[in-house]
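Going down the list, the sequences are from chains A and B.
Each residue of the first sequence is one higher than the last, beginning at 1 in our numbering.
Each residue of the second sequence is one higher than the last, beginning at 1 in our numbering.
Treat the hints as calculated values from the structure; they're not laboratory data.
It cannot be assumed that every hint is accurate.
What the hints assert, rightly or not - If you only want the chain A side, here are some residues facing chain B, beta carbon under 8 angstroms, derived:
#1 E166
#2 F176
#3 I184
#4 V458
#5 D459
#6 H461
#7 T590
#8 D595
What the hints assert, rightly or not - Okay, the calculated bits of chain A under chain B, using three or more residues with CB under 8 angstroms as the criterion:
#9 177-183
#10 237-248
#11 349-362
#12 600-609
Even for Gly, the Cβ is constructed at its ideal location relative to N, Cα and C.
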Amino acid sequence: MQNNLLQIATLIFLLPLFGSVAAGFFGKMLGKRGTNWVTILPVAISFLLSAYLVKVIVLDNHPAVEGVVYNWMTTGVFKFDVALLIDRLSAVMIFIVTFVSLMVHIYTVGYMAEDPSYTRFFSYVSLFTFAMLILVLANNYALMFFGWEGVGLVSYLLIGFWFKRESAVFGSLKAFLVNRIGDIGFVVAMSAILMYFNSLNYADVFAQAHTVATQKMKIFSDYDVSAMSVICIFLFIGAMGKSAQVPLHVWLPESMEGPTPISALIHAATMVTAGIYMVARMSPLFEYSPITLSLVLVIGATTCLFMGLLACFHHDIKRVIAYSTLSQLGYMAVALGASAYDAAIFHLVTHAFFKALLFLGAGSVIIALHHEQDMRKMGGLAKRMPITYLTFMIGALAVSAIPPFAGFYSKDAIIEAVHLSTTPGAHFAYFCVLAGAFITPLYSFRAVFLTFHGKSHVDPHVKVQESSWVILLPLIGLAVPSIIAGGMLVGPMLFAKNNLLGSSIFVLPDHNVLLEMAKTFQGAKLMALDAGDTLAFWLALSGIFVAWFFNLRKPELAEKLKIRFAFLYNIMVQKYGFDDFNQLVIVNGTRRLGDFLYKTSDLKFIDGIFVNGSGKLIQWFARISRKIQTGYIYDYAFSMILGVAVLLIWFLH
Amino acid sequence: MLHFSLLSILIWLPVIGAILALMTGGDEHANRARWIASIVAIANLLLCIPLYLGFDSGSYAMQFQENHLWIRAYDIHYALGVDGISLAMIILTNFTGLLVILAGCNAIKFRIAQYMAAFLVMQGMMIGVFAATDAILFYVFWEGMLIPMYLSIGMWGSSNRSYASIKFFLYTFLGSILMLVALLYLYNQTGVFEIQKFYGLNLSLHIQKLIFFAFFFAFAVKVPMWPVHTWLPDAHTEAPSGGSVVLAALMLKLGIYGFLRFSMPIVPDACANLAWFMIILSLIAIVYIGLVAIVQTDMKKLIAYSSIAHMGFATLGCFMVYYIMKYGDTYKDAYMSLEGAVVQMISHAFGSGAMFLGVGMLADRYYNHSRMIKDYGGIANKMPVFAAFFMLFAMSNVGLPGTAGFVGEYMVILSAFEGQAWVSLIAALTLILAASYSLWMYKRVFFGPVANEHVEVMEDINWVEKTNYILLAIGVILLGIYPAPILNVLHVTVDHLLKQSLPAAMTGL
């Protein structure tokens, strides 16, 4: 059984790789239909196998399985293996990844139908699936980093998929570089882990966590800090890059330059949640570093509120959803900071469904309008695209945490967990997540109203019609779990005695807010019925109301406010100035520094003075000595006499 | 008998091939020269198979030894032998040699026989450097390879070639003269020129430091380390692309090889004492040179600077062992650092060699052979296959896991933390610097709309170029996803080297 499960897991990640290679190298030969088969079928099989693993590991309570696929390298006392860990957490993750990936693969058949680089796109998406599966299946940091960088690479390739567009290419480079800042954190954290734990395997590391927790590390000559905090802070820097937490969030809005299916798969459902997954996976380390937990909490809360605000001011439908993703990632980070790791993963799961749904819904609209993304040029589409409208509405209700949709359960759990949390910063975080509860429906329903309701601003030449079934099928496939997944999972995932993630997550007893909450939990149905008792619910409803009021009822009022508060409005439009700061200070600064080092230090100083200088010195010396050698006998005779005279004086003296 | 003179065959077969190629005469018989060179290069690479199979990776002793008295008066021997490191380097040399010959067949249009001859001689000399176990023989090969390189830059180079070739020659030659002085001093102490006998001499620290610096100039120029690096960008830009490949893939490694073969085991106390100096220079290479690479406008210069930055990891890995030993429990902790340096030496050859070849392919297709980034743009529209290959090699340069470029750097950064956490953090800056210069260049050259009418007419790579790139791509990926076989060859040698290179006080730990 042990070995069988390992083989199944290996197959799960190899199948998409096969699809990617086949589509990548033989795409031209296979044609579009052939490409569909060689990519979609493997992912479908992977999904079924993942479902089987979930059944065995989660439902049948099979203990976690670990095993080596092959030895990557051995050096000194350190062994680096390509080895897998199939436990409850990774089983849940591969299930989500393969499911969303399958939906996106099918959707792509419709969305990219007319793109000349059809097969290349499929190859990338399958490659992404492979890397993402490696990331979550790894049993050690090195292999996780392989997946981590792999998804980063494919994200880079896919954002810049339409490489003739300057904005797409710029966005892809930006995404890669910002992610790499985070990766520095990850690599340094790995170095520290290797030093303190002498291993990069999760199991070895977690087993020693409580002993390393007391160790100190010297930073300056006599300034000590907790080694565990150093490790966790650097790990979290890595997570901030991938999961786009402030201030490393700047790449995510730009990533919307990529085709919409990958916005759904990579930049909403899977890759951006890798950071959240990583922190949850490392819970045995983070638990011993309260400082880092506070940091996670505060950064997550900041991202949650301030990025949500930005979503209210954008007109590009994809960017609105992108900022919404940032805000929701903030929620997940907040949950991590409050030690409610299960709640973070729970929100990750529900978010994967409804956010992928929103993106694919937006994509359906974009395709129907011939690649129009500006919401000011939409409106009144509800009647013409009923299924897209309905599913998009479900997504919006879910993200707005309206019961009984999926988002309600996960978000409510996070808000409650923060409320109970004693981690420093929890008050600030509680304020932010509550404010977020108001803002989320505000921007989501603004998008719904502008796109599907009101007067049509669609270009009259465009004949709008509902998308084809390959696009609608994934929408429905994602809408169903967006409705039911929350109610189904809230009990088993958060509050059951033997909960869904079980021993994959480690929480210190005095941090265990979920246990506290379990005492009052009386089932999903009652939780939904009692929603009226919570502040968050009323905030959400008022968010929808405000969105309706300003966008449909009295749009002119919004314009007036815009002028009245022009200063604040400008800050929002400038996105708090992060982009300008990065461009002016960091990018230009780096270039100037590079220029200075090159032109002044390298060319003028080293080359100019030393290298060419010594060359010139020799030439100068040669020129002088050439003059002495005139070739006339009397000159030489004279210098001989001079020499003899000097010698004579020297010896006689 | 073949078994015993395998190394000699490897060294002299290319030289004989060079003479044969020269005998074909002028360019009217160019194809004959091409065939001779290709066959010799392939034969040499095939000869590496018995070398690899016959090598016992369980022993640190020199293998395939040959020893003949050469100059009786000074007890100079023609002595050859390989250990794990030199074995890996010899295979790499032959692999690269074949690529360069193939690329030359395709790209070089005049004085083909001479070009082939120059590169064959260079290949032979370099194998000699890696195989020599006698100091004077080593020195002869070391200087011997300068001449064909000097000629190739001066003859087939671009516009500013004479400045670059003289700069290259003087720089490297001046450095190696000091090495000769050090070798002569060591001969005085021991009475032999056998390199092995120079180890463990118990010299005083003062003398060791003098020897260290004599070696330092020879090897640091080759690596090259800041601040004696300025010859490299000039040499690279002016050299024909084959020359650039040899420079980047092999010649730079000779510097590291020198540190490993001479500096560290001969003067371990001085190395331990001056490790801080080497580490600072290495970090300067990684950060400062990385920044300089970002602002380059010439593709070849950019890759040249990136090579210097990558070599910073090799030197860092070598000398970080002394810091790790201060804190580590056993010498095994330092092991990963040194092995990482050796891996970096090997892996860098694939990515940077491929990129230099690529720039050559682009320049060959451009009407005035421009290497300027601004002259290109949108290449991916016109040369999709080439663009895909180049992306892979650029990613190796970035150090992406799963490519060759990742392994060595990762090992060095990981192990450095134990010695000094700050070093690890600063070295990790390469993650962002390497990505910046590699991908920013890629973006400007390959992405975007077709930039001008000269790019419009460019054609995708032909089958010779494709063959070259497939070979390199296999190397890049294989080394990235399965480095274990190469490391297995190195383990025992590195282990032994490490023991020899640590001062007595440290190994006692």
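For each hint, the structure was consulted:
Proximity of A/E166 to chain B holds as hinted, the smallest CB-CB distance being about 6 angstroms (cut-off 8 angstroms). For A/F176, the suggested interface contact is upheld, since its CB lies about 6 angstroms from the closest CB of chain B, less than 8 angstroms. Because the smallest distance between the Cβ of A/I184 and any Cβ of chain B comes to about 5 angstroms, under 8 angstroms, the interface hint for this residue holds. The closest approach between the C-beta of A/V458 and any C-beta of chain B is roughly 29 angstroms, which is over the 8 angstroms cut-off, so the hint fails.
Interface restraint check: A/D459 against chain B, minimum CB-CB distance 25 angstroms, threshold 8 angstroms, status violated. Among the interface hints, the one on A/H461 is violated; its C-beta lies about 26 angstroms from the nearest C-beta in chain B, farther than the 8 angstroms criterion. A cut of 8 angstroms between beta carbons decides the hint on A/T590: the least distance to chain B is about 7 angstroms, and the hint holds. The criterion of a C-beta within 8 angstroms of any C-beta in chain B is met by A/D595, whose closest approach is roughly 5 angstroms, and the hint holds.
Counting residues of the stretch 177-183 of chain A whose CB lies closer than 8 angstroms to any CB of chain B gives 4, so the stated coverage by that chain holds, three being the minimum. With 0 residues bearing a CB less than 8 angstroms from a CB of chain B, the stretch 237-248 of chain A misses the requirement of three and the coverage assertion fails. A count of 0 residues in the stretch 349-362 of chain A with a Cβ less than 8 angstroms from any Cβ of chain B is obtained; the coverage claim is therefore unmet, three being the minimum. By the rule of at least three residues with a Cβ nearer than 8 angstroms to a Cβ of chain B, the coverage given for the stretch 600-609 of chain A holds, with 4 such residues.
Hints 4, 5, 6, 10, 11 from the earlier list are contradicted by this structure; the remaining hints agree with it.
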